[in-house]
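> Below are the chains, spelled out letter by letter.
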Amino acid sequence: MGEEVFLIDWILLNLTGRYRLIRELFSRGISTEDIISSLELGQEKLSLLRKKAGEEYKKAVDSGIELVPLSSDDYPYLLREISDPPALLYLLGEKVWLNGSFVSVVGTRKPSRYGINITKKIVSKLVENGIGIVSGFAYGIDTVAHMEALNGGGYTIGVLGTGVDIVYPGVNKGLKKEIIESRRGCFISEFPLGDKPEPWHFPRRNRIISGLTQITVVIEASLKSGAMITAGYALEQGREVFAVPGNADSENSQGTNQLIKEGAKLITSGEDILEEFNIIPKVSNIRPPELNPEEAIIWNILNEPRLEDDIISISGLDTGKFNVIVTRLELKGLIERLPGRMLKRRNG
Amino acid sequence: MPFNLKGILTGMLAKVISATLSGIEGVPVDVEVDISNGLPSFTIVGLPDQSVQESRERIRSAIKNSDLNFPVKRITVNLAPADIKKEGPAFDLPIAIGILIASEALAPKMEEPFLIVGELSLDGTIRPVNGIISIAIMARDLKIPVMFVPYENSSEAALIPGIKVYGIKNLTDLVQFLNGTISLSPSEPARSIKINEFSGDFNEVKGQESAKRALEIAAAGFHNVIMVGPPGSGKTMLAQRLPTILPPLTEEEALEVTRIYSSAGLLPKGGGIIEERPFRSPHHSISLAGMVGGTSNPKPGEISLAHNGVLFLDEFPEFRRDVLEALRQPMEDGSLVISRAHGSIRFPARFMLVASMNPCPCGYLGDTKKNCTCTQYQIEKYFSKISGPILDRIDIQIEVPRLETDTLIRNTPGEGSNFIRDRINRVREFQIDRFKDGFRFNGLMTPREIKKYCRLNPPVQSLLREIIDKFHLSARSYDKLLKVARTIADLNESEFIREEDILEAIQYRILDRKYWEKKFS
Numbered sequence: 001m002g003e004e005v006f007l008i009d010w011i012l013l014n015l016t017g018r019y020r021l022i023r024e025l026f027s028r029g030i031s032t033e034d035i036i037s038s039l040e041l042g043q044e045k046l047s048l049l050r051k052k053a054g055e056e057y058k059k060a061v062d063s064g065i066e067l068v069p070l071s072s073d074d075y076p077y078l079l080r081e082i083s084d085p086p087a088l089l090y091l092l093g094e095k096v097w098l099n100g101s102f103v104s105v106v107g108t109r110k111p112s113r114y115g116i117n118i119t120k121k122i123v124s125k126l127v128e129n130g131i132g133i134v135s136g137f138a139y140g141i142d143t144v145a146h147m148e149a150l151n152g153g154g155y156t157i158g159v160l161g162t163g164v165d166i167v168y169p170g171v172n173k174g175l176k177k178e179i180i181e182s183r184r185g186c187f188i189s190e191f192p193l194g195d196k197p198e199p200w201h202f203p204r205r206n207r208i209i210s211g212l213t214q215i216t217v218v219i220e221a222s223l224k225s226g227a228m229i230t231a232g233y234a235l236e237q238g239r240e241v242f243a244v245p246g247n248a249d250s251e252n253s254q255g256t257n258q259l260i261k262e263g264a265k266l267i268t269s270g271e272d273i274l275e276e277f278n279i280i281p282k283v284s285n286i287r288p289p290e291l292n293p294e295e296a297i298i299w300n301i302l303n304e305p306r307l308e309d310d311i312i313s314i315s316g317l318d319t320g321k322f323n324v325i326v327t328r329l330e331l332k333g334l335i336e337r338l339p340g341r342m343l344k345r346r347n348g
Numbered sequence: 001m002p003f004n005l006k007g008i009l010t011g012m013l014a015k016v017i018s019a020t021l022s023g024i025e026g027v028p029v030d031v032e033v034d035i036s037n038g039l040p041s042f043t044i045v046g047l048p049d050q051s052v053q054e055s056r057e058r059i060r061s062a063i064k065n066s067d068l069n070f071p072v073k074r075i076t077v078n079l080a081p082a083d084i085k086k087e088g089p090a091f092d093l094p095i096a097i098g099i100l101i102a103s104e105a106l107a108p109k110m111e112e113p114f115l116i117v118g119e120l121s122l123d124g125t126i127r128p129v130n131g132i133i134s135i136a137i138m139a140r141d142l143k144i145p146v147m148f149v150p151y152e153n154s155s156e157a158a159l160i161p162g163i164k165v166y167g168i169k170n171l172t173d174l175v176q177f178l179n180g181t182i183s184l185s186p187s188e189p190a191r192s193i194k195i196n197e198f199s200g201d202f203n204e205v206k207g208q209e210s211a212k213r214a215l216e217i218a219a220a221g222f223h224n225v226i227m228v229g230p231p232g233s234g235k236t237m238l239a240q241r242l243p244t245i246l247p248p249l250t251e252e253e254a255l256e257v258t259r260i261y262s263s264a265g266l267l268p269k270g271g272g273i274i275e276e277r278p279f280r281s282p283h284h285s286i287s288l289a290g291m292v293g294g295t296s297n298p299k300p301g302e303i304s305l306a307h308n309g310v311l312f313l314d315e316f317p318e319f320r321r322d323v324l325e326a327l328r329q330p331m332e333d334g335s336l337v338i339s340r341a342h343g344s345i346r347f348p349a350r351f352m353l354v355a356s357m358n359p360c361p362c363g364y365l366g367d368t369k370k371n372c373t374c375t376q377y378q379i380e381k382y383f384s385k386i387s388g389p390i391l392d393r394i395d396i397q398i399e400v401p402r403l404e405t406d407t408l409i410r411n412t413p414g415e416g417s418n419f420i421r422d423r424i425n426r427v428r429e430f431q432i433d434r435f436k437d438g439f440r441f442n443g444l445m446t447p448r449e450i451k452k453y454c455r456l457n458p459p460v461q462s463l464l465r466e467i468i469d470k471f472h473l474s475a476r477s478y479d480k481l482l483k484v485a486r487t488i489a490d491l492n493e494s495e496f497i498r499e500e501d502i503l504e505a506i507q508y509r510i511l512d513r514k515y516w517e518k519k520f521s
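Protein sequences appear in the order of chains A and B. Residue numbers 1 to 348, in this note's numbering, belong to the letters of the first sequence in order. Residue numbers 1 to 521, in this note's numbering, belong to the letters of the second sequence in order.
If you are wondering where the hints come from, they were derived from the structure by calculation, not from laboratory data. Here a beta-carbon is modelled for each residue, glycine too, at the ideal position from N, C-alpha and C. Watch out, some of these pointers could steer you wrong.
Derived Cβ-Cβ restraints for the label pairs, each shown as a range [what the hints assert, rightly or not]:
(1) A:Glu-290 - B:Glu-197: 27 to 33 Å
(2) B:Asp-392 - A:Leu-266: 34 to 40 Å
(3) B:Asp-392 - A:Asn-99: 39 to 45 Å
(4) A:Ala-248 - B:Asn-492: 32 to 38 Å
(5) A:Ile-180 - B:Gly-232: 39 to 45 Å
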């Protein structure tokens, strides 16, 4: 019962949204009740908030959502260091941030093929070396990052701009379920349950993305984009910003190139990030084992992503035979298919 | 149905055999004419529609203008059986002959029963009518040995062996022939005619090797196909050439096709037999009736016109939902039944569906040059327009990317249609052997037949299981994969489905594959 009252108090504090003051008072060791009273909310407002907080608590318990108050030992310690940490985190899934280091990966909602490929490459290298991925669970780079982390057997945290019980964007419903069921990931949010994706939510949640990690990697971002806002927060919070360069004339890379100009570390691979953690990257086996001569032909032609028709004409194989070999290589997990009948080596 | 084959009665009453169409089937109709004394009048009874009522005026003028006497008496015409709706002008000629017999201006010398159809113009010339081949088939089945038909239809009717068909140019000729004053010779069977506006060859398609191979497999096993690709990638070009590699129509199939086109009134002037596989490509704005056939007196729709051939639906998701859903039953049964107040009519509709669509609403998802501007939600919505049950009936799903110019230039021309067709013909023979029936193909196998003919030996079985796991295939796609693998094995002249056949088949099931469903996976 004491626990319940305690959590309801923290929900109440979270609902006031006065994070800076709350953090300040809390860090001085002031008790929860005293923090509430020092906020001087007024009797009427206080009882209204208390009632709402009680309902919130019940909803969370009913739907299996965990509540992590600022005072909890489990509260992500890097996040507690920022100037305005949420007073309370709603959590769906496992507290994976307790399991090791994380890096934030953010980028545009409309990535180019280059952006998608580089995200996969960087993320898979990171998770291969035991580093988890934090991102915003939006379309585009965010989705690729979460997916690749999950597929690579790593940890991943989605920071949502809605209540954690809301699926947004709707098309990621399956991915959300997969992440929860894998028990290797979670979703957190400062917003009350059932909160809809309001436009002003997203810039705010970006400070949590950067706040959760020491390093934020910006993959592809135009000048005015959420990823740039996240990078801005990271700098404010005294964290590091890494950026992946792109073509000077590509809209999607204007933001990242700008960051590099301003002094962000230029990275081109996962290894560049691992350096910061003093991790010597595991060497992935570049030369795949046991290729029969025909498979080797196609593997060798695929030193860069190529159109099927080109591979067929270069290799001189007949189309039926070619398709057989492609399936074999796919089964071995060596190559993958891209939309537009393109083939590429995996992580290559 | 009481039906007097003798056809002719004496005195003031006459009976002539004629026929009408119900769907694409011929139905016999007795034309009875009674002439009696009384106030001059001319009545037609027996459920005639407007066009039959109007034939009174044509008949009166045609008889007068042929230098014959139109009786100034009380004329009653009955079209029996009275419960079938009669429409169209094909009764003009039999009614006119009936009147001439009843008024004793004509006494046929012919011993055998005969059947008459034809439209009259005012000067007594006889004009062609629709569906003559169906009527000829009916006549053969009812053992009516002689038919008098419009001259322009006669070679079409003569396609049916066992009946003597006389092509008649005008009323006078028929009267004189029946009276025995002139003689006519029976018509010769029609020559073959073309219906497809387009004919090309596969060697004109540069690149797109996988798509060409997939279409070869589709043609060999009569599998339905969906092609996904951006605008201008050559989907239409590929589809149009499909009829050139399909096995030629058998005699019976050719008759079926001709019959459908004849009853739809789509045979070119002069008629003839259709010996090429039809290729139909209706626009996506087509109505339900236009697609499956319909209106109160049902006419064959596009799916029947594509019978034994290819139905190409470009921009597949843009078709109206109800139109697409209506394809489901015919795709299963090979025919369509339209029920009307006066009974139901069956239209044959065994077609190979070739659908094409863009990968996303803007068309450029996966394109190497242009960026796609669609949101994931728009893409999902676009794909969701094709329902699962429809997709379930499409065995082969391929992607047709837009090729860059240097790829197009580098590629040498592909194989000609003739070579491909040779291979396909061989596969067809295997299939005839397998199913003991010329109309059956691998693509039309039932689940029971799949069990029987697509048995896998244990190593192949375990490979298939691995594939299903790896590529997250649904239980649904399992059967499709087996059917396609069966055809590939046939093309490779293998009795059993081997590993390679399965491995290749998986490449023709792109919509099952995860990389396609999620833009970023």
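> If a hint holds in the structure, say so; if it does not, say that too.
Consistency of the hints with the structure:
Distance hint for Glu-290 (chain A) and Glu-197 (chain B): a CB-CB separation of about 53 Å, inconsistent with the stated range 27 to 33 Å. For the hinted restraint 34 to 40 Å between Asp-392 (chain B) and Leu-266 (chain A), the CB-CB distance of approximately 50 Å leaves it violated. For Asp-392 (chain B) paired with Asn-99 (chain A), a C-beta distance near 43 Å keeps the hint of 39 to 45 Å intact. Hint check: Ala-248 (chain A) to Asn-492 (chain B), Cβ distance near 52 Å, so the stated range 32 to 38 Å is violated.
Hint check: Ile-180 (chain A) to Gly-232 (chain B), Cβ distance near 43 Å, so the stated range 39 to 45 Å holds.
When held up to the earlier numbered hints, the structure conflicts with 1, 2 and 4 and fits the remainder.
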